[in-house]
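S.K.: Sequence:
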Amino acid sequence: MKETYKIFISVDMEGVAGIVSQEQLLPSGFEYERFRKFLTLEVNAAVEGAMQAGATEIVVCDAHANAQNLLIEKLNKSVQIVRSWPRKLKMMAGLDESFHGAILLGYHTATTNPEGVRAHTFSSAHFTDVRLNGRSVPECVFSALIAGHFGVPIILITGDDKTIAEAQTLLGKVEGAVTKWAYGFHSAKSLTPEAACNVIRKASFKALKRIKEYTSYQIETPLRLEISFKNYRPPEVLSYLPVVERIDSHSIRYVGANIIEIIDFLTFLMHYRLDLSP
Numbered sequence: 001m002k003e004t005y006k007i008f009i010s011v012d013m014e015g016v017a018g019i020v021s022q023e024q025l026l027p028s029g030f031e032y033e034r035f036r037k038f039l040t041l042e043v044n045a046a047v048e049g050a051m052q053a054g055a056t057e058i059v060v061c062d063a064h065a066n067a068q069n070l071l072i073e074k075l076n077k078s079v080q081i082v083r084s085w086p087r088k089l090k091m092m093a094g095l096d097e098s099f100h101g102a103i104l105l106g107y108h109t110a111t112t113n114p115e116g117v118r119a120h121t122f123s124s125a126h127f128t129d130v131r132l133n134g135r136s137v138p139e140c141v142f143s144a145l146i147a148g149h150f151g152v153p154i155i156l157i158t159g160d161d162k163t164i165a166e167a168q169t170l171l172g173k174v175e176g177a178v179t180k181w182a183y184g185f186h187s188a189k190s191l192t193p194e195a196a197c198n199v200i201r202k203a204s205f206k207a208l209k210r211i212k213e214y215t216s217y218q219i220e221t222p223l224r225l226e227i228s229f230k231n232y233r234p235p236e237v238l239s240y241l242p243v244v245e246r247i248d249s250h251s252i253r254y255v256g257a258n259i260i261e262i263i264d265f266l267t268f269l270m271h272y273r274l275d276l277s278p
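Residue numbers for the sequence shown, in this note's numbering: 1 to 278.
Hint data in this document are derived by calculation from the structure and do not stem from the laboratory. Be aware that a few hints might be false.
Unchecked claim - In silico EDC-like pairs for lysine to aspartate or glutamate, Cα to Cα no more than 16 Å straight-line:
#1 K77 - E57
#2 K37 - E23
#3 K88 - D264
#4 K189 - D264
Unchecked claim - Restraint-style ranges between C-beta atoms, simulated for each label pair:
#5 R273 - Q68: 30 to 38 Å
#6 A165 - Y272: 30 to 38 Å
#7 K230 - S78: 41 to 49 Å
#8 E23 - K212: 20 to 28 Å
#9 I219 - P86: 34 to 42 Å
#10 A165 - P86: 26 to 34 Å
#11 N133 - E57: 28 to 36 Å
#12 K88 - E33: 16 to 24 Å
#13 N133 - K6: 25 to 33 Å
In this text the structure is predicted, and so the values were computed from the model without any measurement. Every residue, glycine too, gets a C-beta built ideally from N, C-alpha and C.
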């Protein structure tokens, strides 16, 4: 009997082929609309490779910026899509224990990594370091831990060469698809969109064919989240919460029983404002 799989795809944007600056990443950028198309093509390539290898159900989570980047009318008709914020599980919203594997598409390196295109962790504007249990980590680790909470392994990550190297060092030998080679924070040698899609399609197929080799990612709990800010005021104000400890002039610590509590705290921190409406 042919095996079938349910696959989750978390979609960031900085790791997409050709992307090197804010001009491709935000609606105000002159190239954003073009690169939304290229992002959607890369997602479709991952979907196609997965389906060729036996995936029968795929959920795609738009997880970049406003989380409304993918052109849903251009997506493979077989997928379902998660859009916009705020939401539970942040970049992995929609994931649960029913999935067999997860793909991280278009990811990037951590804010503490001196290499990688658009290297940051959750907020390039506000955070200078994000640590778990004393170790600086990229966004892929948070996504892998959420997946691991449900017993779901990460099977593939796509992005620049530094991103793949960082992820494989931290997460183990997940499949990697290199879309470009980082020359700096705002520069790279890149594949063309079509070539990148070919690489991603093949890597997705290969990852699913190896799916039984992967194990879910876990680290020791409770989890100590430490965040360093560019400015003084955020850690000062956050320290009024009894669950938050200010550990130096620019940094706070929050301890969660598991990754779900950590992600809930991060979601609150990044989305709460007094003028929220409706």
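S.K.: Does the structure break any of the earlier hints, and which numbers would those be?
M.R.: Hints 4, 5, 8, 9 and 12 contradicted; others consistent.
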